[in-house]
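There are 2 protein chains.
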Amino acid sequence: MTAPQFKKIVIFGAGLIGGSFALALRKANAVGEVVGFGRSETTLQQAMQLGIIDRIGQDAAAEVGDADLILLATPVGQMAEIMARIAPHLGALTLITDGGSTKSDVVAAVYAQLGSKVAQFVPAHPIAGAEKSGAGAAQADLYVGKKVVLTPLPENSAESVARVRQAWELCGAVVSELTPQQHDAVFAAVSHLPHLLSFALVHDLAQRDNRDLLLSFAASGFRDFTRIAASSPEMWRDICLANREALLQELQLYIAELTQMSAALAAGDAARLEQTFRTARELRAGWTEQ
Amino acid sequence: MTAPQFKKIVIFGAGLIGGSFALALRKANAVGEVVGFGRSETTLQQAMQLGIIDRIGQDAAAEVGDADLILLATPVGQMAEIMARIAPHLGALTLITDGGSTKSDVVAAVYAQLGSKVAQFVPAHPIAGAEKSGAGAAQADLYVGKKVVLTPLPENSAESVARVRQAWELCGAVVSELTPQQHDAVFAAVSHLPHLLSFALVHDLAQRDNRDLLLSFAASGFRDFTRIAASSPEMWRDICLANREALLQELQLYIAELTQMSAALAAGDAARLEQTFRTARELRAGWTEQ
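These protein sequence lines map, in sequence, to chains A and B.
Heads up, the final residue of the first sequence is numbered 289 in numbering that gives the first Met the number 0, and it's a clean run with no missing numbers.
Heads up, the final residue of the second sequence is numbered 289 in numbering that gives the first Met the number 0, and it's a clean run with no missing numbers.
Next up, chain A with everything else stripped away, as it sits in the complex (with noise of 0.2 Å):
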């Protein structure tokens, strides 16, 4: 029998992403032992009966020092707090992950926080569905065949990506890799922006004295363009504002464009209508989610 991959991994968080992960590791042999810290004692229990963690963790400053991967999946708000307390205590050889969805405030926590380790953070956007929440919620085939974006920073070493991407890997994920500006840009488009335009919409109805009238007559288009507008408040208001710069110069876009077919639907410009809704068409169309 050979040694796991990794011996002792520490997680910040057992919920849905950060039991995932462990529970994945575990299914692949790749960990020896797990150990769990968190702000809820109820959720870290929970972990420990389900065969997440191994250990509930009560100092954070004794158990970082000979882990060999560390996973922050605790709110993006979080981490920055939880990088003061553990960036003293680090051994020489830990590496941390994180699972946060947005990556320019987290490397601005790791720049701000982490000092002369910051060489040891390689941060990681896990795209995994969040309909479900909470260590119960957690499942070893979570992130099969799911994209992992990793977002090295200048100070990583090959080594240190190789093997946090080893990590991901062995949890079943197809790694890619950007940096974190370009990850940012890249989510405000195709996840942010929509996310914002759906809670918009319905927004708007909400405010009609009529809106029971007019959701009465609502039908699978609607159904399916504001299914994201169901998302979490507290969740898409953190990500908004972390990812607030390329956020708003994706909205400036979105509301030129607009604009543009408010002109030509004012003109009524058949031509320019049609051409604009078949260029989407051929886009759409011709997509597949991968």
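Please note that the accuracy of each hint is not assured.
One copy or two, it doesn't matter: identical chains are merged, so the pair holds either way.
As the list claims (entries may be wrong) - Simulated crosslink set (EDC-like; lysine to aspartate or glutamate; CA at most 20 Å straight-line):
#1 K145 x E273
#2 K146 x D211
#3 K145 x D211
#4 K131 x E281
#5 K146 x D223
#6 K131 x E244
#7 K131 x D223
#8 K26 x E244
#9 K7 x E158
#10 K131 x D211
Derived from the structure by calculation, the hints contain no laboratory data.
Position chain B against the provided structure of chain A, taking the given hints into account.
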């Protein structure tokens, strides 16, 4: 054996909407003879083979005088010409309905073309999926449980409205009534605007040099939000132009909503963003397609 409710119906357009109407009335034993007209001889031949129509009509003037019911199931843009052609020959008891997804324009054509016979036209909008089209897609149960909105005219008698309602109910539809203006305002908000917004997002991305990179990271939120951007460009060009006034008004309200969200985002107003998202989520999470 009782006589069928409709001894003879004439359908203009034997595709999904018209063909399904005929098949449904046949299945309900509610129709004697079905005569079909259309631009495409191939479609009419196919409709014959599929048992949708009994005969291909040769001379509309000769067929509409003794028809109980006429359905206009062509694109809305072709309806005025058909109305002009049949108006002089309509029997005194012949009723007409239609399957157009906009109503103000159909009603305008009715007033322009039918003269003293306006009262015989009871406009309708069946809310039934349009992913497929053609006679081959027609099915007897297309309308079962689906909504059909009648937009009666002041000139229609209660009996005429009741008889057209009966026809759609025999198809299995759930029939409601709105004024043509209410109809177009409602559908501008819950259907036409979302389609325009979805087309706009994909068109916006299609202009980018890095569109392939962007689309490679698009996931399930994008998939659902943009599903309707793969809709027919010609059909949506026509719907947008036909419902131009109501749609322009919705578009202006939506741009104002986005401008407010943009301001909240630029100001870092977390509370405002969260409240907006929460209002949307509560409405959307509490809604189920009827």
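Evaluated hints:
1. K145 x E273: neither (36 Å within a copy, 29 Å between copies)
2. K146 x D211: Between copies only: 16 Å across, 39 Å inside.
3. K145 x D211: between (38 Å within a copy, 18 Å between copies)
4. K131 x E281: between (33 Å within a copy, 17 Å between copies)
5. K146 x D223: between (23 Å within a copy, 18 Å between copies)
6. K131 x E244: neither (28 Å within a copy, 41 Å between copies)
7. K131 x D223: both (18 Å within a copy, 18 Å between copies)
8. K26 x E244: neither (40 Å within a copy, 59 Å between copies)
9. K7 x E158: Cα proximity of K7 and E158: one copy only (18 Å, versus 80 Å across).
10. K131 x D211: neither (28 Å within a copy, 30 Å between copies)
In this structure, the earlier hints numbered 1, 6, 8 and 10 are contradicted, and the remaining ones agree with it.
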